[in-house]
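Go ahead and model the full structure; you've got the sequences and the hints to work with.
Line by line, the protein sequences give chains S and R. Residue 236 in UniProt numbering sits at position 236 of the first sequence, with consecutive numbering throughout. Residue 381 in UniProt numbering sits at position 381 of the second sequence, with consecutive numbering throughout.
Every clue listed holds true.
Between beta-carbon pairs, the in silico distance windows are: (1) R:Gly62 to S:Lys159: 40 to 50 Å; (2) R:Asp94 to S:Arg89: 43 to 53 Å; (3) S:Phe50 to R:Asp19: 31 to 41 Å; (4) S:Ala386 to R:Arg89: 50 to 60 Å; (5) R:Gly227 to S:Asp156: 48 to 58 Å; (6) R:Gly88 to S:Asp228: 56 to 66 Å.
Listed next, the stretches of chain R that the computed footprint assigns to chain S, with coverage defined by at least 3 CB atoms under 8 Å from CB atoms of chain S: (7) 125–133; (8) 197–210; (9) 251–260.
Simulated from the structure, these hints should not be mistaken for lab results. The C-beta atom is built at its ideal place from N, Cα and C for all residues, glycine as well.
Number of protein chains: 2
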Amino acid sequence: MQHSDSLPVIRPDIVRLADSRIREVAHFGMKLGGVTPLWFGEPDLPTPDFICEAAAEALKAGHVFYTESAGVPGLRQALADYLTPLNGRPIHADRIVVTASGMNAIQIVMQSLVDYGTNVVTTSPLWPNCGETVRIMGGEVRPVELTMGNDGWQLDIEKLMAACDGNTRALFVNSPNNPTGWVMPSEQQKQLLDFAREKGIWIVADEVYDRMVYEGNRAPSFLEVAGDEDPVLVINSFSKSWSMTGWRMGWITAPLGIIPTLLKMNEFNTASAATFAQHAGIVAVRQGEGFIAQSVARYREGRDIVYDRLSQHPRIRMVQPKGAFYHFFAVDGMDDSMAFAKRLVAEQRVGLAPGSAFGPGGEGHLRLCFASSPATLHSCLDRIEALLG
Amino acid sequence: MQHSDSLPVIRPDIVRLADSRIREVAHFGMKLGGVTPLWFGEPDLPTPDFICEAAAEALKAGHVFYTESAGVPGLRQALADYLTPLNGRPIHADRIVVTASGMNAIQIVMQSLVDYGTNVVTTSPLWPNCGETVRIMGGEVRPVELTMGNDGWQLDIEKLMAACDGNTRALFVNSPNNPTGWVMPSEQQKQLLDFAREKGIWIVADEVYDRMVYEGNRAPSFLEVAGDEDPVLVINSFSKSWSMTGWRMGWITAPLGIIPTLLKMNEFNTASAATFAQHAGIVAVRQGEGFIAQSVARYREGRDIVYDRLSQHPRIRMVQPKGAFYHFFAVDGMDDSMAFAKRLVAEQRVGLAPGSAFGPGGEGHLRLCFASSPATLHSCLDRIEALLG
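Below, the structure written as structure tokens:
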């Protein structure tokens with residue numbers, strides 16, 4: 001039971017929500033102590049100094065009051081200026097709503113779209129929090145499994161479309177994908193957009209890893225293929241691109257027609273992200289390209305270190321991820337990834353996330369976040385190989 | 001219409017939510033320019049330097065990563081140490097969940113309690129955002145009107161209890177109250193708690209103005225009368241006590257039995273408040289008493305300036321608020337507070353909030369935030385009196 005029997009009713013839909021299986025392993029490991037944590041999805045580098053200094057300056061300048069529920073105008077403009085060349089088409093500032101994290105952006109979007117009796121179609125495996133926001137609103141999550149072939153993770157887009165029905169409010173696409181590193185090709189984005197237009201279904205595109213890619217400067221974005229009035233809500237975050245996880249700041253790019261709804265939802269959820277953090281965000285967006293390039297070079301090195309060693313192991317089946325900073329690999333003979341992850345923690349003091357945390361298609365796998373130093377990664381790989389035998 | 005007809009479905013319950021009538025006046029005024037804004041509920045003093053400096057230090061110290069969904073342990077302990085003497089009973093840190101604003105605390109609580117077919121009973125007039133969180137979850141808001149007598153605003157608690165039925169999930173009590181300044185006496189809190197225990201109904205107590213009182217050190221709190229396992233969720237915020245509106249940080253004090261639920265909801269809403277802001281929060285809570293005393297002295301001066309002048313006016317009926325920093329006064333012959341507020345903006349460049357923004361019992365009134373300098377208040381009063389005639 002999640003609550004004392006003597007307390008009044010807590011919503012059954014909420015009590016039923018599973019605890020995070022990633023946190024289950026992490027809590028287990030934290031009690032033991034001395035564990036190298038590769039279980040969460042977080043850059044190990046702190047926010048660059050120039051961004052922290054901008055926040056300190058903003059505090060000194062008195063940017064400590066309430067601000068517009070759409071976000072500080074200077075940040076919306078900075079994001080528009082950032083997105084326009086990336087997408088090769090003008091993205092206007094009035095299409096952008098700043099939110100208190102990418103997570104909160106997903107929450108607000110699901111509040112705006114999902115009711116009891118409706119559903120959201122997603123790919124799977126997937127970071128579990130996305131689905132939970134749908135369940136909080138009483139909706140159904142319909143996962144469509146990606147498959148791992150020699151050419152990497154693949155989506156059968158016909159299956160995704162076939163999973164939709166008259167009660168489907170949104171297609172949720174997280175690309176680059178946590179946990180698999182799958183990147184949806186531009187051609188599939190166009191197909192899905194045509195389908196969404198025809199059927200009157202929203203596309204919710206979680207593109208928080210868009211700059212963490214190992215070919216080109218950025219993953220294909222729905223913003224490149226969608227017109228200003230298309231039913232596409234693109235979610236992004238400052239967490240990954242600029243190592244700002246603890247800042248809790250994200251944004252939504254949306255057609256103008258839904259902006260008033262998103263502003264209301266922002267106001268009734270958090271009002272806004274922290275005002276001085278938004279001022280620092282302007283500096284991140286305008287001066288952060290060098291940092292992004294350095295980060296990606298570092299992640300690429302980590303990615304290759306892990307791949308070069310683990311892919312040689314007879315029990316491991318894996319492909320190089322095209323984006324994000326995870327390896328999501330299958331372990332032959334491991335049918336309980338939670339038990340295996342706990343053994344790895346208990347016996348080798350290495351913390352990975354169990355594949356079962358990510359829904360259908362996840363069991364049999366482990367997720368390793370390679371946003372870490374080469375020395376740390378090598379040490380962890382030694383210990384993973386020791387347990388694999 | 002709130003959205004383009006060509007877009008897919010937005011939830012009807014959300015589209016139906018009223019736009020804020022406070023913002024309607026404010027937007028009207030901002031276009032005109034030169035308006036003195038007393039329409040929002042915000043201290044006009046910035047966050048004190050020692051808190052801003054603590055945030056800058058925390059940034060330098062690298063507190064920029066994800067943190068526990070319950071909040072930074074040091075902040076939970078600081079809040080426990082703060083609440084224990086205030087309530088005259090031990091409040092343990094494990095009963096506290098730090099949230100990304102008091103607003104988000106309300107949102108998380110309503111997500112945890114409210115379903116379609118259920119209702120929440122509140123007092124009215126009331127800051128509208130509270131009710132909107134209930135409506136977002138598909139619930140019904142049942143307002144019970146306060147009445148203004150010679151002895152100030154009063155609640156008929158029998159009416160509040162009579163408004164509850166088998167589908168009532170929560171009683172929402174905001175005391176000190178925005179907009180009226182009403183403070184629920186401890187005796188009524190005890191009565192309501194007995195009722196809530198017996199009926200199995202949650203009390204959600206929004207106590208964000210608890211330190212903004214004009215008798216004693218703090219308004220009566222449900223935490224003083226409730227045991228650790230009672231069905232009481234107390235919401236508080238850093239915004240008012242420490243002038244930290246732009247920081248977006250609040251907390252919930254709850255019985256242990258619902259803490260796991262609130263942690264999940266925190267994770268799926270924002271994960272946490274900004275990590276470095278939480279570190280600054282520790283300093284605010286531990287060293288902020290002098291600032292609170294100064295603020296209240298300042299607000300008391302503003303309160304009295306407004307009362308001494310407006311209460312003399314033949315068209316005005318008002319009482320001294322016991323808490324918060326608003327005067328909510330009735331204007332004889334004014335039956336459209338929105339129209340009057342707009343005239344006041346257009347003709348006199350003074351921004352007040354229309355009483356109709358606050359639901360049943362609000363029409364015929366105006367809300368004036370007196371957290372402002374004496375000179376500003378006098379100038380606004382001159383102009384209000386000019387329009388009143």
